[in-house]
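**Q** Sequence:
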Amino acid sequence: MFDNKSILITGGTGSFGQKYTKTILERYKPKRLIILSRDELKQYEMQQIYNAPCMRYFLGDVRDGDRLMQAFNDVDYVIHAAAIKQVPAAEYNPMECIKTNIHGAENVIKAAIANKVKRVIALSTDKAANPINLYGATKLVSDKLFVAGNNIVGEEETRFSAVRYGNVVGSRGSVVPFFKSLIANGATSLPITHPDMTRFWITLQDGVDFVLKNFSRMQGGEIFVPKIPSVRITDLAQAYGPGLKHDIVGIRPGEKMHEIMCPADDSHHTIEFDDHFVITPSISFFGKEHDYQNNLLNEQGSLVEEGFEYHSGNNPNFLSIEQIKKLEEGEC
Numbered sequence: 001m002f003d004n005k006s007i008l009i010t011g012g013t014g015s016f017g018q019k020y021t022k023t024i025l026e027r028y029k030p031k032r033l034i035i036l037s038r039d040e041l042k043q044y045e046m047q048q049i050y051n052a053p054c055m056r057y058f059l060g061d062v063r064d065g066d067r068l069m070q071a072f073n074d075v076d077y078v079i080h081a082a083a084i085k086q087v088p089a090a091e092y093n094p095m096e097c098i099k100t101n102i103h104g105a106e107n108v109i110k111a112a113i114a115n116k117v118k119r120v121i122a123l124s125t126d127k128a129a130n131p132i133n134l135y136g137a138t139k140l141v142s143d144k145l146f147v148a149g150n151n152i153v154g155e156e157e158t159r160f161s162a163v164r165y166g167n168v169v170g171s172r173g174s175v176v177p178f179f180k181s182l183i184a185n186g187a188t189s190l191p192i193t194h195p196d197m198t199r200f201w202i203t204l205q206d207g208v209d210f211v212l213k214n215f216s217r218m219q220g221g222e223i224f225v226p227k228i229p230s231v232r233i234t235d236l237a238q239a240y241g242p243g244l245k246h247d248i249v250g251i252r253p254g255e256k257m258h259e260i261m262c263p264a265d266d267s268h269h270t271i272e273f274d275d276h277f278v279i280t281p282s283i284s285f286f287g288k289e290h291d292y293q294n295n296l297l298n299e300q301g302s303l304v305e306e307g308f309e310y311h312s313g314n315n316p317n318f319l320s321i322e323q324i325k326k327l328e329e330g331e332c
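Here the sequence shown is numbered in our numbering, starting from 1 and rising by one per residue.
If you are wondering where the hints come from, they were derived from the structure by calculation, not from laboratory data. Hints are supplied without guarantee of correctness; some may be wrong.
Below, a list of computed lysine to any residue pairs in the SDA-like style, where the Cα atoms sit at most 25 Å apart [to be verified]:
#1 Lys227 x Asp66
#2 Lys99 x Arg32
#3 Lys144 x Asp66
#4 Lys227 x Gly307
#5 Lys288 x Tyr77
#6 Lys326 x Lys144
Remember, predicted model here, so these are calculated numbers, not experimental data.
Could you build the full structure based on these sequences and the hints that come with them?
**A** In structure tokens, the structure reads:
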């Protein structure tokens with residue numbers, strides 16, 4: 001699907017972008033693989049690792065619509081990964097978060113339509129489901145924008161979808177590097193927000209693979225949600241700091257006890273497949289009819305029961321302490 005095609009990823013120097021680049025170069029022969037981001041140092045560092053002839057590094061910000069119009073020229077597929085993601089940073093800098101996560105999403109949609117990009121997938125987050133912090137709220141708006149993009153595009157072939165998943169093993173800013181840093185500096189205890197807290201858990205590679213597969217599945221307007229395991233925060237601490245005491249520090253502002261990926265309020269729009277869920281659009285697209293229970297890979301799904309909710313606390317799949325260790329070892 002990606003052989004001899006031009007692919008662009010916004011925010012491409014991040015953890016996801018680098019794993020995505022590695023995967024594309026190993027499995028396909030793209031015509032161009034474009035990394036668009038605003039940090040020239042991160043681009044320089046990434047170039048030392050990934051410098052295949054098809055690679056292109058574009059300096060630019062998703063807030064800059066004109067730059068996106070240039071960058072999206074003759075591009076077939078776009079992954080929109082650029083975002084302000086840190087919850088406290090978003091709370092203290094709300095307008096900056098809005099400019100990147102909402103206005104940036106709008107710019108991506110406009111540039112994709114103008115340049116007749118075939119498929120666009122935006123990376124969402126579990127925090128966009130019933131959001132209680134600004135980051136989650138902006139990503140919910142972003143999701144709505146990308147869904148509505150399929151109506152705005154009219155009769156053109158451009159299609160938009162989103163992928164929503166949970167915490168990524170070892171990604172920058174996540175709890176695992178934080179625990180490791182404390183342990184490396186001789187910590188005798190680890191801070192735990194709440195002993196009952198749970199989170200979804202996915203490796204970078206699984207996240208990349210899920211996104212790539214959904215380019216083949218998507219009809220436009222879907223929010224794809226993978227079926228992934230959950231972890232207990234206490235088990236995480238035990239996996240990385242066996243024997244260390246746990247200091248209960250309380251839930252931080254903007255945090256939930258359990259993360260939600262498919263809210264109960266969306267149950268009448270949620271379809272379950274063997275390995276994933278699809279939240280279908282709440283709006284009808286003019287002149288377009290899609291059977292979302294039968295995707296383009298001929299996978300068949302069925303509507304969930306009314307009131308169904310998929311969150312990290314009611315997930316039937318929890319990782320044990322040993323599985324948590326092995327999961328990160330496999331990712332490394």
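**Q** Against this structure, judge whether each hint is valid.
**A** Structure-based check of each hint:
1. Lys227 x Asp66: violated (38 Å)
2. Lys99 x Arg32: violated (28 Å)
3. Lys144 x Asp66: holds (23 Å)
4. Lys227 x Gly307: holds (18 Å)
5. Lys288 x Tyr77: It holds: about 21 Å lies between the C-alpha atoms, which stays within 25 Å.
6. Lys326 x Lys144: Not satisfied, since the Cα-Cα distance of roughly 36 Å exceeds 25 Å.
Of the hints listed earlier, those the structure fails to meet are numbers 1, 2, 6, in rising order.
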